[in-house]
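S.K.: This is what each chain is made of:
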Amino acid sequence: MNLSDDLYQEIILDHSRHPRRYGCPLDHTHCAEGKNPLCGDEYQVYLTLDDEGVVRDASFEGSGCAISKASTSLMLEQLIGKHHEEVRALFVTFHDMVTNPEADHDATALGKLAAFSGIWKFPSRVKCAILCWHAVRNALDGHTTASTE
Amino acid sequence: MTPPPDNPLLDLRDRFPCLDQTVHGKPLTYLDTAATALKPTCVIESLAHHYRLVSANIHRGVHTLSERATADFERARTTVQTHLNAAHSHEIIFTSGTTDSINLVAQSYGQLAIGAGDEILITEMEHHSNIVPWQLLRERSGAVLRVAPMLDNGDLDRDAFRAALNARTRLVAVTAVSNALGTVNPVAELTREAHAAGAVVLVDAAQALPLQAMDVQALDCDFLAFSGHKVFGPTGIGVLYGKNDLLKAMPPVKGGGDMILSVTFDQTTYNELPHIFEAGTAHIAGAIGLGRALEFVNAVGYPAIEAHESALLDHALTALQAIDGVRLVGTPAQRKGIVSFLVDAIHPHDLGTILDGEGVAIRAGHHCAQPVMAHYGVAATARASFSIYNTRDDVDRLVAAIRAAQEIFA
Ligand SMILES: Cc1ncc(COP(=O)(O)O)c(C=O)c1O
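Residue numbers (this note's numbering), protein chains in the order written: chain A, 1 to 149; chain B, 1 to 410.
Treat the hints with care, as some may be off.
What the hints assert, rightly or not - Footprint (simulated), chain B over chain A, 3 or more residues, beta carbon under 8 angstroms:
id	stretch
1	32 to 43
2	57 to 66
3	118 to 130
To be verified - Derived Cβ-Cβ restraints for the label pairs, each shown as a range:
id	chain 1	residue 1	chain 2	residue 2	range
4	A	11	B	322	51 to 61 angstroms
5	A	17	B	21	50 to 60 angstroms
6	B	322	A	63	23 to 33 angstroms
7	B	41	A	89	51 to 61 angstroms
8	A	142	B	13	18 to 28 angstroms
9	A	11	B	301	48 to 58 angstroms
10	B	166	A	17	46 to 56 angstroms
11	A	6	B	27	14 to 24 angstroms
Since the hints were made in silico from the structure, they are not lab data.
For each residue, glycine too, the CB sits at the ideal point set by N, CA and C.
Chain B on its own, in the form it takes in the complex (with noise of 0.2 angstroms):
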């Protein structure tokens, strides 16, 4: 009998493609999955089914390969749905990725519900595109941002959050797992808190996606945003959830072909739910893409990605903890998938260049963070992340490049 594989979803790596080469003559790490994550051939194939036999635009021809690409977009948007337990398939917006998703509610939101003095909450682990909407909305209107800190683990102040919701606040922004330290935040409990406040809930879902369900009726939230190309999906896609009673209120924020009725030059009838947030031709390819990426994680299994996750996660918390000069930074009680660290008089980017060298991919830099390197007084930290394709060799792989590097700065 051949000994359980280390990695019981092993065969998964075969799905892969892009795991199938080497680096600098090396077998590829791949421990950047928080940045993006690879692509399952399913995925690349429906990509490349669509332009290869489809290829027609949507919601505007009668003919037979535009009525197939219309099925297929929509489809997608279900699948979407689905995956999110939304009520309604137009709750469902595709956006070009979670930074777009933000600034859509930003400007949309902003512009119906936020005006001078209002307050809007986000917290000090948000990655840069849930900050800079805000701060722009901040110049528009006049409103009042406030940060809710985190504790040296890295954890949200709990105490510091309520303390921050008062009778002004509008709009709570919080992501759900921190892209920098891997933080996860009790995300249904925030909102039950942001609601009893009188403000709506803008849930940042970029990293919890890829590892765990997000049910947005079970959390309550008012909107979410996700990237397509973090859970196996295609760049240049994602998703926006609002609730109906709330989408259905909010101006257009971008106008064009597709999120209109009628146009004439006096008069512009606007179109339905979700089409009038999506002016312009779509990726259509890329919602298809990501359509089939989620079905993927659907048959994977979100019971399975978590229990291989967090085992993989323990490994490389021991492993790393266990060599001299390397630190964690950032230790928070609940934690996916990813590990900020940094090495005793070794920079992130030297450490980065070196663990290239050994076919090892890592993350250095400020993560699109900085308020999170600041909390450490550092400027940039070496970040390792995990998804389903690592193994514990990636890890074993990662702690001897690491002692490469520490042998070349002794």
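Chain A with its partners taken away, still in its complex shape (with noise of 0.2 angstroms):
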């Protein structure tokens, strides 16, 4: 096996070539811009949550490279329906497996991301995986202007 095949998977080659949840809503509450200038990745991403803090819908437009793309994309399939207490907890759970092969991380709560589960081998792209989820993240923290159009 090839090194890079851990990393190129199918789900992730697939998320990359059709990614899922992409294009700018006509409403959201929360959004922010995630953004490499050392790598030229740019995106939007876009939440909206409801009156609980539950994520109804989210999605994300931009452009990068494909492990940033597929990340972003996996990842918002799986926060639809999640309260954002529970995001920001899978966010520590996804950023501890990224970075650390020795983290006992807890696969049910990460479902599909756990495609990313081998990336620690690729100090490089580690940023690329979780730059979406900073963006998430500050979309939360209301770092960027939330916009109710």
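Could you fit the two chains together into a complex? Lean on the hints.
M.R.: See the structure below:
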């Protein structure tokens, strides 16, 4: 097996070719930019939370490498229906998984995101996988304009 | 009889111990010399020799080891002088690298000769280190920074360059070889034109010096900067060449030990050239290693280096263009050892990671030349660069790895 097979698994390639939840929604309650000037990766993520703080809609647009795009696509799919506190907790779990090979991560919580479990072997690519997680957290923290059009 | 090796410099590969390893189980194919060159054993040993047997500081001891270190350090300066064909050894100033050299000129010559409304002319294909120091100078002085554009093939737009020169142009800073595209600029002609307008010229030779002779008197440039690490020498050492008359008039920009003759709290007398620009303990081993690296380059010889690099480049250009879905970024008329390219539907960073899995080291990114990326409307490219230790096999491995990446992304 080749080293990069570990990274470029079918599910990741699939989500990079055909990103889910792609596009700019008509409405959103939170949004933030995920930008890596070093790579030129640039995304916008949009979230709509209901009054209880549950994510009802999530989408993104922008461009970047396969890893950042697939990670964003897979992430947003999982966020739907989660309370923002659960989203934050999932970020911690995901962050742990992609940076710490020893981490005993909760596979059920991560679901399809477990596809990124081998990425710690590619330190320069970890930032690609967590780029839009940071954007989501920033959006939840209100670090960029929350807009309701 | 054994067939002639595909690389006339083949036995040179043995001089580069770093090549003798596998990466992810594959033989290392190092195609990132434009970022930094691998080091020959002689350079590595000159560093070890200095630390093992000499180690002492320079210019400040009467003991034997200090005198030995001083002699070795100053011999390295003479080696650089000869290499660049500079008229005087004190025109060679050791810096930490190209970036440091350019900043020295921007600060010191900027302070001396560039004021509000004066113009600095650079080109669109400069490395960030030949852009940002001039922007800082612009902020300090109120000078105007002009940029001569490139043509779409990556050549400098000569007409626009000429048109940008005028009576207010004080300084022209131009790279001899573009690190992003490989474009070779006609530095001697540009210098002539700049001089005719009354401007001084700084040549960024970071990418050029590993591949071609740079004779500062023949070029007639006023300043020339390069880095040790790109020319098979150590990191953390570089050179600024400056013409005697200019350097003599320029104020020091860093104060400290070695750059002074005497210090009292009322009055400090500065040292002479080149020491006035070398405050503090220098990277002594680095300078000695750089001297050794240039001796190595001379032993190989620029004619052999140029012949090898141009044959390899031709092979690479042909091989890359033969791959469906590969697009060259920049097709300059004169090019040296560097190729930027894109592969359809594969982001350069993904390509870089997959190639690395095949043992092939390339650079993926903006190459510290974001204006060049902007010119082509891309955020990043993949870049392969070639040196004396590369072979046609390396190019073939690059091609095979690109095809492997295309299969993954198919
Ligand atoms: C053309 C050019 N100029 C300047 C530099 C900066 O060199 P250094 O980082 O060694 O100071 C580089 C290196 O990347 C370069 O390629």
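S.K.: Against the structure shown, which of the earlier numbered hints fail to hold, in ascending order?
M.R.: 4, 5 and 8
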